[in-house]
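Colleague: Spelled out from the first residue to the last, the chains are:
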Amino acid sequence: MTASTVDAAQAVVEPTQYWTRQRKVGVGLAVAGVLAAVLFGALATGRSAEFTLAETISGSAVGIDGRIGAILFGAIAALAGAAMLVTTRRLFSWLLALGIVATLVSFLCWQLSQAPDNLNTIPLGSVARSSVTLALPLVLGALAGVLCERSAVINVAIEGQFLMGAFAAAMFTTLAGSVWIGILAAGVGGLIIALLLAVLAIRFLVDQVVLGVVLNVFALGLTGFLYEQLMAKDQARYNQPTFVPEWDIPGLSKIPLLGPALFKGNIFLYGAIVLVILIHVGLFYTRWGLRTRAVGEHPAAADTLGVKVLALRYRNVLVGGLVAGFGGAYFTLLSTTNFNKNMTSGLGFVALAALIFGRWSPIGSMLAALFFGFCSALAVSLGSINSPIPSGFLNMLPYLATIVAVAGLVGRVRAPAADGTPYIKG
Amino acid sequence: MTEQTTATAEDLAAAGADQLPPPKTFAGRYLRSLWTANTFTVTVLAVLLALVIGGILIAISDENVRATTSYFFSRPSDFFSLSWDKVSDAYAQLFKGSIVDPAAVQAAANGTGKWERVFFPISETLTYAAPLALTGLAFALAFRGGLFNIGVQGQAIMGAVGAALAGFLLPLPVGIHLVVALIFGAAVGGAWGFVPGFLKARTGAHEVITTIMLNYVALFFLGWLIVQKGIQDPERSDAISKPVDDSAQLTHLLGFVGPSLRVNLGIVVAVLVVAAVAWMLRRSTFGFELRAVGLNPEASRTAGIGVGSTYVLVMTAAGALAGLGGATIVMGTAVSLTGAVIGSVGFDGLLVGLLGRAKPWGVFFAALLFGALQAGGNRMQSFSGISLELVGVIQALIVIFVAAPALVKTVFRLKPAKVSGLGTGMSKGW
Numbered sequence: 000m001t002a003s004t005v006d007a008a009q010a011v012v013e014p015t016q017y018w019t020r021q022r023k024v025g026v027g028l029a030v031a032g033v034l035a036a037v038l039f040g041a042l043a044t045g046r047s048a049e050f051t052l053a054e055t056i057s058g059s060a061v062g063i064d065g066r067i068g069a070i071l072f073g074a075i076a077a078l079a080g081a082a083m084l085v086t087t088r089r090l091f092s093w094l095l096a097l098g099i100v101a102t103l104v105s106f107l108c109w110q111l112s113q114a115p116d117n118l119n120t121i122p123l124g125s126v127a128r129s130s131v132t133l134a135l136p137l138v139l140g141a142l143a144g145v146l147c148e149r150s151a152v153i154n155v156a157i158e159g160q161f162l163m164g165a166f167a168a169a170m171f172t173t174l175a176g177s178v179w180i181g182i183l184a185a186g187v188g189g190l191i192i193a194l195l196l197a198v199l200a201i202r203f204l205v206d207q208v209v210l211g212v213v214l215n216v217f218a219l220g221l222t223g224f225l226y227e228q229l230m231a232k233d234q235a236r237y238n239q240p241t242f243v244p245e246w247d248i249p250g251l252s253k254i255p256l257l258g259p260a261l262f263k264g265n266i267f268l269y270g271a272i273v274l275v276i277l278i279h280v281g282l283f284y285t286r287w288g289l290r291t292r293a294v295g296e297h298p299a300a301a302d303t304l305g306v307k308v309l310a311l312r313y314r315n316v317l318v319g320g321l322v323a324g325f326g327g328a329y330f331t332l333l334s335t336t337n338f339n340k341n342m343t344s345g346l347g348f349v350a351l352a353a354l355i356f357g358r359w360s361p362i363g364s365m366l367a368a369l370f371f372g373f374c375s376a377l378a379v380s381l382g383s384i385n386s387p388i389p390s391g392f393l394n395m396l397p398y399l400a401t402i403v404a405v406a407g408l409v410g411r412v413r414a415p416a417a418d419g420t421p422y423i424k425g
Numbered sequence: 000m001t002e003q004t005t006a007t008a009e010d011l012a013a014a015g016a017d018q019l020p021p022p023k024t025f026a027g028r029y030l031r032s033l034w035t036a037n038t039f040t041v042t043v044l045a046v047l048l049a050l051v052i053g054g055i056l057i058a059i060s061d062e063n064v065r066a067t068t069s070y071f072f073s074r075p076s077d078f079f080s081l082s083w084d085k086v087s088d089a090y091a092q093l094f095k096g097s098i099v100d101p102a103a104v105q106a107a108a109n110g111t112g113k114w115e116r117v118f119f120p121i122s123e124t125l126t127y128a129a130p131l132a133l134t135g136l137a138f139a140l141a142f143r144g145g146l147f148n149i150g151v152q153g154q155a156i157m158g159a160v161g162a163a164l165a166g167f168l169l170p171l172p173v174g175i176h177l178v179v180a181l182i183f184g185a186a187v188g189g190a191w192g193f194v195p196g197f198l199k200a201r202t203g204a205h206e207v208i209t210t211i212m213l214n215y216v217a218l219f220f221l222g223w224l225i226v227q228k229g230i231q232d233p234e235r236s237d238a239i240s241k242p243v244d245d246s247a248q249l250t251h252l253l254g255f256v257g258p259s260l261r262v263n264l265g266i267v268v269a270v271l272v273v274a275a276v277a278w279m280l281r282r283s284t285f286g287f288e289l290r291a292v293g294l295n296p297e298a299s300r301t302a303g304i305g306v307g308s309t310y311v312l313v314m315t316a317a318g319a320l321a322g323l324g325g326a327t328i329v330m331g332t333a334v335s336l337t338g339a340v341i342g343s344v345g346f347d348g349l350l351v352g353l354l355g356r357a358k359p360w361g362v363f364f365a366a367l368l369f370g371a372l373q374a375g376g377n378r379m380q381s382f383s384g385i386s387l388e389l390v391g392v393i394q395a396l397i398v399i400f401v402a403a404p405a406l407v408k409t410v411f412r413l414k415p416a417k418v419s420g421l422g423t424g425m426s427k428g429w
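Going line by line, the protein sequences match chains L and G. For the first sequence, numbering that gives the first Met the number 0 assigns the number 425 to the last residue and increments by one with no breaks. For the second sequence, numbering that gives the first Met the number 0 assigns the number 429 to the last residue and increments by one with no breaks.
Check before you lean on any hint, since a few could be wrong.
Here are the computed distance ranges between Cβ atoms for each label pair [claimed, not checked]:
#1 L/R286 x G/F287: 34 to 44 Å
#2 G/T409 x L/T285: 29 to 39 Å
#3 L/L194 x G/P172: 40 to 50 Å
#4 G/I98 x L/K232: 25 to 35 Å
#5 L/T241 x G/T250: 49 to 59 Å
#6 G/I98 x L/R314: 24 to 34 Å
#7 L/L118 x G/I98: 17 to 27 Å
#8 G/Y70 x L/K232: 50 to 60 Å
#9 L/V198 x G/G254: 46 to 56 Å
#10 G/N63 x L/T336: 26 to 36 Å
#11 L/G27 x G/F287: 29 to 39 Å
One-sided and incomplete, this derived list gives chain G residues near chain L with beta-carbon spacing under 10 Å [claimed, not checked]:
#12 I149
#13 M212
#14 G222
#15 L349
#16 L406
#17 F411
Simulated pairs of lysine-lysine, DSS-like, Cα-Cα distance not exceeding 30 Å [unchecked claim]:
#18 G/K85 x L/K340
#19 G/K414 x L/K232
#20 L/K424 x G/K95
#21 L/K232 x L/K307
#22 G/K414 x L/K263
To be clear, the hints were calculated from the coordinates, so they are not data collected in a lab. Glycine included, C-beta positions come from ideal geometry on N, C-alpha and C.
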């Protein structure tokens, strides 16, 4: 135990150690591959496992004998793991990706080969589409977190911002009869929580983690209370929002796999893509980004150079609130038809996890969110092919996969150095 | 960095304080001391502020009150008198539901009512407080060790599962069964807490991520478990487990007064555990190491404390406390496992732990306050028609104000004084 709890700095000065992270992961992957080949191979039947690129299970499909597929792809994963022991670092990511995908395919071959005859197909286009859709709120929530935490204000209140956004979107879309007003209101809903967060954390120096937790409970109580007092009494007047319109991009939406996932979307999808790019470019290539990162790492130094630390923090936290509130609108304007108490069911916390998993970077958080979305989508698809795995365990899949990924692949992460520390001039 | 962490809100407020000459009379001094921002004053004022804001919410969400706003400027008295009626009625019910109902006392005293009704509110308060104290402690202990345990909910669920399984699967004699079931609850909860602690020590996986994820895993596991053969109640078609055997149910302390008094041994367990944890934190080697690691892991490592093993132990202990909290629910009040058997007692534990300033007895009194709000909120909901959700808002506001002593001081223009808040030294961000 002591050997593995050494500092990162200490680990760096001992490169001669044989058991590097790459080799450890390699062994893990090789074992997983062998297990997959043996276990899934034994459980699979000789029936065909089919994969289509389309959104439906009809159409041209690639099929493979279930047992052969399970063993073959398990072996590929094992080989990829074994290769990590002998190759250089450069190939690590590729081998890792290959190994994970092969293990997954081996698993799917088993699952599909035991499904009833007309269900033994996985429409990959639909899986891709729902992965992206399920990841959307997480991407937006994590982006809000990036904005706050890169300027050193911890944002645990993403869940609360989601709830306020979802509530405001439902209420004002119904009252005004326009989803755009609703989305605007959702931004304001997120902004209210962000304002409380900013003022209490920056002006009144409240512990930010504590504050975030409390603001979540506050938002949960407030939206729940208003729901009971207003919406539950008159659903038609306050709580019947319409869906956001779907905008297909002509041409591009016909691309197999990517088309339905990325180009048959709505304001949330395109908004999330634009925001990821904007925040990534902004953070790493503009003056604002440099200042934000400086304030997040060493506010005293930034202050010395004339950056207005507190003003920048206020601005970033408030913009973050707008983004998270927008993400909250997803819940009432896209995924379901009306607001309900505690409807975000902790996804704000998952977005927080995606933020940490993605190492506080916009692209990283997006990938982490997509990973989570993919696991959720996979769980749904497996449920629809009558998987022998009980649905309770399928539902655990994204959460367990995140634990494995965080513990096995990501390991120790480093937050912005000043994250959570209030800045006191002087 | 050091300047930032050591300068607390109090120092700032003190620096900007107005320098009045001390009052001459004793009464003046007494009033002044009452008006300084000590811990007690801040907490009381925080509760007061939260109730005021809650009252505003009650007033503006009431239809009749809102109707008077349309002619507010021609006759404002209607607005104020209606609001006052509504809010005072709601808070009167809150009091009657949590402490005592004077009418019931009178009725019992002159023989027309039962004593059961007199003790009912306080029994409910203590019933709600017991698991809250334990889950609050689970959060507070980890917090003192520098870990942010969002997984209290999952640990409490697993504790309830462990206790319930031991409660209806093991045929054990009276007395032993109870103890064994409690131990099972603590053990399973502890195992659930061990996982994030171990992963943090071994791989550096952030405990916030792993505990959040394990909450969901526990919830889905519970959902799966209660419909399995041998677990599900054979006489029921819905998702509910068999009831815990009588021998494993926590004895109702006031059962001799009336059957509706649910307060049980759980509150005794909670008091004993709080005392034990307080002793451990203050006196034992582990408690010392825990606090040292919480304050400064690097310095602790230099001093020869095994930081990784401390993390594992802290999380296991926290999980066991949360598990015990879940166990007292299923063995005391719920009796059978359902999908929502522990409600949100784990998440509420976070607030209780924070309100108690992460100190064992502080947590206990915070649990009493939250238990009272819960019990009174039930009565307020049924008698005044105010949604129970308002209690959540009030609870959150109390903790916000307690965590922001500087804000309370500003609102009430308090004189600066030493106040033990959740100082910035306690949590170092991620």
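Colleague: Compare the structure with each hint and give your call.
Modeller: A quick look at each hint next to the structure:
A beta carbon spacing of about 48 Å between L/R286 and G/F287 contradicts the range 34 to 44 Å that was offered as a hint. Taking the beta carbon of each, G/T409 and L/T285 are about 36 Å apart, inside 29 to 39 Å as hinted. Our hint of 40 to 50 Å for L/L194 and G/P172 is violated, since their Cβ atoms are close to 60 Å apart. The supplied range of 25 to 35 Å is met by G/I98 and L/K232, whose beta-carbon atoms lie about 31 Å from each other.
Range check, L/T241 to G/T250: Cβ separation about 56 Å, and the 49 to 59 Å hint holds. As the Cβ distance of G/I98 to L/R314 is approximately 47 Å, the hint placing it in 24 to 34 Å is violated. Take L/L118 and G/I98: their Cβ atoms lie about 60 Å apart, and the range 17 to 27 Å is violated. Checked against the hint of 50 to 60 Å, the C-beta distance between G/Y70 and L/K232 comes to roughly 23 Å, which is inconsistent with it.
Against the hinted window of 46 to 56 Å, the Cβ-Cβ separation of L/V198 and G/G254 comes to about 50 Å, which satisfies the hint. Hint check: G/N63 to L/T336, Cβ distance near 31 Å, so the stated range 26 to 36 Å holds. Look at L/G27 against G/F287: about 37 Å separates their beta carbons, and that is inside 29 to 39 Å. For G/I149, the interface hint holds, the least distance from its beta-carbon to any beta-carbon of chain L being 7 Å, beneath 10 Å.
With 10 Å as the threshold, the beta carbon of G/M212 comes within range of chain L, its nearest partner Cβ sitting at about 4 Å, so the hint holds. With its C-beta approaching chain L no nearer than about 5 Å, G/G222 sits inside the 10 Å limit, and its interface hint holds. The restraint placing G/L349 at the interface with chain L holds, with a minimum CB-CB distance near 5 Å, inside the 10 Å limit. Interface hint at G/L406: satisfied, since its Cβ lies 5 Å from the closest Cβ of chain L, which is below the 10 Å cut-off.
Evaluation of the G/F411 hint against chain L yields a violated restraint, the C-beta minimum of about 14 Å exceeding 10 Å. Proximity of G/K85 to L/K340 is assessed by CA-CA distance (about 24 Å); at most 30 Å being required, the pair is judged to hold. With a C-alpha separation of about 46 Å, the suggested pair G/K414 and L/K232 falls outside the 30 Å cut-off, and the hint is violated. The suggested pairing of L/K424 with G/K95 is violated, with an alpha-carbon distance near 49 Å, which exceeds 30 Å.
With a C-alpha separation of about 48 Å, the suggested pair L/K232 and L/K307 falls outside the 30 Å cut-off, and the hint is violated. Using a Cα cut-off of 30 Å, the hinted pair G/K414 and L/K263 is violated, with the two alpha carbons roughly 61 Å apart.
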